[in-house]
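Peer 1: The chain contents come next:
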Amino acid sequence: MTITEEAPPPVHRQDEDDRQGRKGWNFNSPLALTMLLLLVIASQGPIRGALSAPVMQSWMTVFVAVVVQALPFLVLGVLLSAVIAVFVPPSFFARALPKRPALAVPVAGMAGAILPGCECASVPVAGALVRRGVTPAAALAFLLSAPAINPIVLTATAVAFPRNPEMVLARFVASLLVACVMGWLWQRLGRTDWLRPPARPAHDGLGKGAAFWGSVRHDVMHAGGFLVLGAMAAATLKSVVPASWLHAAAGNPVVSILALAILAVLLSICSEADAFVVSSLTQFSLTARLAFLVVGPMIDLKLFAMQVGTFGRGFAVRFAPTTFALAILMSVLIGAVLL
Amino acid sequence: MNRQAQAAVLFLIGAAVLHASVTDLYLRYVKAGLRPLLLAAGVVLIVTALATVWYEIREHRKASADRPGDRRDGARAPEREIRDAHADTDTGADAHGRTGEHERASWHGDEHSDRHRDEHADGHTDSHGHGDGHGHGHREPRVSWLLVLPLLALILVAPPALGSYSAMRAGTALQAPFGYSKLPAGDPVTLGLVDYAGRAAYDHGRSLGGRQIKITGFVALDRAGTPYLVRMALNCCAADAQPVKIGLSGRIPPVLRPDTWLEVTGGYTGKRTKDPVNGGIIPFLDVSSARPVPTPRDPYDESWNN
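So the protein lines, in turn, are chains A and B.
In case it helps, this note's numbering puts the first sequence at residues 1 to 339.
In case it helps, this note's numbering puts the second sequence at residues 1001 to 1306.
Don't take every hint at face value.
[Said to hold, decoys possible] Here are some chain A residues pointing at chain B (derived, C-beta under 8 Å):
| no. | residue |
| --- | --- |
| 1 | Ser29 |
| 2 | Val55 |
| 3 | Thr61 |
| 4 | Leu266 |
| 5 | Cys270 |
| 6 | Val277 |
[To be verified] Cβ-Cβ distance ranges computed for the label pairs, FRET-style:
| no. | chain 1 | residue 1 | chain 2 | residue 2 | range |
| --- | --- | --- | --- | --- | --- |
| 7 | A | Pro321 | B | Gln1212 | 53 to 61 Å |
| 8 | A | Thr322 | B | Ala1065 | 47 to 55 Å |
| 9 | A | Pro165 | B | Tyr1202 | 18 to 26 Å |
| 10 | B | Pro1188 | A | Pro46 | 44 to 52 Å |
| 11 | B | Arg1058 | A | Val88 | 22 to 30 Å |
Worth flagging that the hints you see were computed from the coordinates, not collected in a lab.
Quick caveat, the model's predicted, so the values are computed rather than measured.
Quick reminder that beta carbons are idealized off the backbone N, C-alpha and C, glycines included.
Just chain A, with the same shape it has in the complex (with noise of 0.2 Å):
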């Protein structure tokens, strides 16, 4: 992501200020963050004054609402993958999980059924999984299934589309494909060195509270770092971008499925919500919004960003065009025979 490359390193000057800092005067974070925060609120005024505008109020409260709404869930999710980190063994995993990959795969992808939430959750708990030496092809069928196939979503579905319960079927049966299949794809042409789970501090040698709350603490802030980016570009599609683009696109079918999908990419809703806000796009075919739902808990800003700050670019940039082109083709071929 340009945005953390550009962002000046804090760090690198905290590190250097901080040798500097033997000869007298030190720079550090925190003192860098009371200094950011006293000068926000001593200049409050003008800043509400800028922001009063209809489009940066709304943008700010679509902005605020998806950090918020996805706060809980990913709190939940990096409490689930601290305590895979910590007190879950490895040894548990080896026996849980048929020893072939091909097998494992499957059973991971039907394991996300299990994990109730939204995306967010799901990120941190894929990337503790793999650390605990899970293999990477089932963590990442694990990764996809998760927020598409879990009661919760597809109990939403259901109540989401009255008239059309197959949607459901549907979207349980092209979701849970996908994710088998990026994890077999993952497993034969995968390579390892495109993965790279965070260095993080090793946990041997201390405690297990002290390594329990350092991967909530650390898991927060980055997973949440990069919510905030990925929420920061769905605010600005909901705000800017006309709606009535959209109603342009209903009516060629092959660019109806692809528009309905390249916007579940841009709105980044929560895969609990999302059956809701597509069910009202009836001049849609249902096989558009189907893509609709099987991409939008694959694939998204915010899932992206969040997976660039977990498996690293080289890993985004490969697995998420490919989930993106996958999840289409399989809504196109479910929704042919189901819908």
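Guided by the hints, dock chain B onto chain A, whose structure is given.
Peer 2: Below, chain B alone, put in the same frame as chain A:
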């Protein structure tokens, strides 16, 4: 961002989320049902911040007990870790003994090559089991600073619930209701805006029985100045909020400002129009009286959630 700054940010975010969910502020952004989860998340964040500080202090005490010559104040903790890391990397070499330029060059190189940094950090962890200082020094910071943005937005600005700007950009999300429950007693009868719109648009007002209806919503004006009464319907958070609109006709107040909340009383009218954005039906209400009201506790319509 070092650990103390992280603890501060975590604490502030936790406190802001707790504050928003204890007051009704959170209803501007998310559905009411999310409150218990928000409270829990706020508590976890605050506990994480406290635990971070506690372990930081303990670690520091232990370190200064181990090495009595060391600096005592906690603010220098990151430097201590970095020095540890360097001492580990160049086994036997004294980090202090190296020239400043050499040190800076090596950090610079790290900064620019991801690959290099990863291998460095990984190899480091493997060979010494002590990746903490090095990985920690580089990794958590930059993107974490972004977390300050929602914090500031929430505690300083607290943006209002979505209003007429968003409402007029999106098409009405009115859908045919599954059935029409009996009207509650009273004349005028208080109805939700979405409820009325459904009955008026898809049942031609038959289930309304000619009674007077009282509806609350906010005002939005289209380009031509036609007034609408709108309620944003919400499933999860404001990002998925969609407007449901009804048109106002009859005795409309002479001056209407967008985003003011009104309680209008009136009767069913057959008049309807098409939403220019998505062609959805916008039924009208024949207004007999209207009065401004304060913003309701929950500005969104959450009837779809039940």
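Peer 1: So, for every hint listed, does it hold in this structure?
Peer 2: Results of checking the hints against the structure:
Interface hint status for Ser29 of chain A: upheld, as the beta-carbon distance to the closest one in chain B is roughly 4 Å, under 8 Å. Because the beta carbon of Val55 of chain A sits about 7 Å from the nearest beta carbon in chain B, less than 8 Å, this interface hint is met. Hint status for Thr61 of chain A: holds, given a least beta-carbon distance of 4 Å to chain B, under 8 Å. Interface hint status for Leu266 of chain A: violated, as the beta-carbon distance to the closest one in chain B is roughly 11 Å, over 8 Å.
The restraint placing Cys270 of chain A at the interface with chain B holds, with a minimum CB-CB distance near 5 Å, inside the 8 Å limit. Taken as an interface hint, Val277 of chain A checks out: its beta carbon lies about 5 Å from the nearest beta carbon of chain B, inside 8 Å. The beta-carbon spacing between Pro321 of chain A and Gln1212 of chain B, approximately 57 Å, falls within the hinted interval of 53 to 61 Å. Checked against the hint of 47 to 55 Å, the C-beta distance between Thr322 of chain A and Ala1065 of chain B comes to roughly 53 Å, which is consistent with it.
The hinted window of 18 to 26 Å between Pro165 of chain A and Tyr1202 of chain B holds, with their beta carbons roughly 21 Å apart. Under the hint 44 to 52 Å, the C-beta atoms of Pro1188 of chain B and Pro46 of chain A, about 46 Å apart, fit the expected range. Distance hint for Arg1058 of chain B and Val88 of chain A: a CB-CB separation of about 25 Å, consistent with the stated range 22 to 30 Å.
Against the hints set out earlier in the document, a violation occurs for number 4 only.
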